[in-house]
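All chains should be modelled from the sequences, with the hints used to inform the complete structure.
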Amino acid sequence: MTVSTLGSKRKIVGTSNTDKNNFQSKEKLRQKASKILKTLEHRLCGCGKPIGKVNMKRHINTGKYSFSGIETCGNVWVCPVCATKVTEKRRQELLSAHTKHLENGKIVALLTLTFPHTLQDDLLDLSLKEAKATKLFKQRQGWKKFAKDILGSIRGFEITHGINGWHLHSHHLVFIDKEKITAEEIHRWELGLYKAWQGACLKAGLPEPSPMFGIDLTFNATGDYISKWGLDLEMTKSHLKTGKKKSKTPFQLLMSHDKRDNALFFEFADVFVKKRKQQLRWSNGLKALFDIETKTDEQLAEEHTDEFMDDDILIDSKEYYHFWVNGLSYMLKSALEQGGIQELNELLQNRREIIGYKLKKEREKLPLI
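Just so you know, we're using our numbering here: the sequence shown kicks off at 159 and counts up by one.
Treat the hints with care, as some may be off.
Unchecked claim - Distance ranges between label pairs, derived from CB positions:
{"#": "1", "residue 1": "Lys-417", "residue 2": "Gln-496", "range": "28 to 38 Å"}
{"#": "2", "residue 1": "Lys-432", "residue 2": "Lys-302", "range": "28 to 38 Å"}
{"#": "3", "residue 1": "Leu-198", "residue 2": "Arg-346", "range": "41 to 51 Å"}
Stated by the list, open to error - Dumping the calculated PhoX-like pairs for lysine-lysine here, alpha-carbon to alpha-carbon at most 20 Å:
{"#": "4", "residue 1": "Lys-293", "residue 2": "Lys-306"}
{"#": "5", "residue 1": "Lys-302", "residue 2": "Lys-361"}
{"#": "6", "residue 1": "Lys-193", "residue 2": "Lys-207"}
{"#": "7", "residue 1": "Lys-193", "residue 2": "Lys-432"}
{"#": "8", "residue 1": "Lys-361", "residue 2": "Lys-296"}
{"#": "9", "residue 1": "Lys-215", "residue 2": "Lys-293"}
{"#": "10", "residue 1": "Lys-215", "residue 2": "Lys-476"}
{"#": "11", "residue 1": "Lys-258", "residue 2": "Lys-338"}
{"#": "12", "residue 1": "Lys-361", "residue 2": "Lys-190"}
{"#": "13", "residue 1": "Lys-186", "residue 2": "Lys-196"}
Note that these hints are calculated values from the structure, not bench results.
Idealized CB from N, CA, C, for every residue including glycine.
Shown next, in the form of structure tokens:
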């Protein structure tokens, strides 16, 4: 098949090797995750699959191509491709709420809740108990007294695996309905919140949290609060970052060549995706308060917010499928961005030989040309 483009002949903006390699590595990781999770029949396994003719659109601002006419799973926990799209948009929502609250002269706080764990702990059991403890925590007097002074909160969840097994803890970005707070109030809040978390953990069957590390309540009312502390990343992209010391995030477990790490990623996906579908959980009415539209992760993964050039390119679904199923659809983007329509046509016409060559080189672990 020969593809062509209609519309204005605009100057093509170049794409850096970093952009290309980023998408390439994410696509390869998605393909690996799909193989690991195949027995779970997870939606990830069809992410990127064509559902008709595939349309390639070029962004005006970045010059990079995007695919439309393909399936998206929208899962931030196990899909490296969708996670990048969704978490960035969630980050913007969080930043918007935070900025508006500060502009109103109010205070924002970050509350972190954690508890002890061991290598012998089962992830499903640990996850269920943590969820129960969090629910019980917000029913206790320590939280209720604190909640009298807040407009709402956003809950984010973080998980890593290290020498002491699975480590789960939550972050709560709290919007305080005050312009000033005293040292006495802070001390009273910290004491009440710790007692509430301590009692909730014990009742839920978790070990008693440490008075020193069980909770952390931090305040900062300056305009660079999120950007300076990286709270937007802490709340929305914790599973994408690098684990501390010898601990690993879920995506690090996926990237690992160690089969034991890959098995842990499978365990994480089997438990975590089922039990914790939302990356962030906003308290009731908080999004409406800050005029933020409610959208699912799937909607965010599918939508395009950038402007596109008017020279869309259509590719037959069967031809695109050959690249996607082998984790090589990035080659279509690279061909267009580096050599235009002519190079894309040559790639499609010789796809069987080129795909076979690429896969052979990867199996041999030799540098790709």
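Verification of the hints:
A hinted range of 28 to 38 Å holds for the C-beta pair Lys-417 and Gln-496, which are about 36 Å apart. Roughly 30 Å separates the CB atoms of Lys-432 and Lys-302, a value that falls within the hinted 28 to 38 Å. Separated by about 47 Å at the C-beta atoms, Leu-198 and Arg-346 satisfy the suggested range of 41 to 51 Å. Restraint check for Lys-293 and Lys-306: satisfied, since their Cα atoms lie roughly 17 Å apart, inside the 20 Å limit.
Distance hint between Lys-302 and Lys-361 is fulfilled; the C-alpha atoms sit about 18 Å from each other, no more than 20 Å. Simply put, Lys-193 and Lys-207 have alpha-carbon atoms about 14 Å apart, close enough for the 20 Å limit, and the pair holds. Of the pairs offered as hints, the one joining Lys-193 and Lys-432 holds, with about 18 Å between alpha carbons and a cut-off of 20 Å not exceeded. Under the criterion of a C-alpha separation no larger than 20 Å, the hint pairing Lys-361 with Lys-296 is consistent with the structure, at around 13 Å.
The hinted pair formed by Lys-215 and Lys-293 fails the criterion: a straight-line CA distance of about 45 Å is larger than 20 Å. For a cut-off of 20 Å, the pair hint linking Lys-215 to Lys-476 stands: about 19 Å separates their Cα positions. For the hint linking Lys-258 to Lys-338, the alpha-carbon distance of about 17 Å falls within 20 Å, and the restraint holds. Restraint check: the Cα-Cα separation between Lys-361 and Lys-190 comes to about 40 Å, which exceeds 20 Å; the hinted pair is violated.
Between Lys-186 and Lys-196, the direct Cα distance comes to roughly 15 Å. Compliance with the 20 Å bound is thereby established for this hinted pair.
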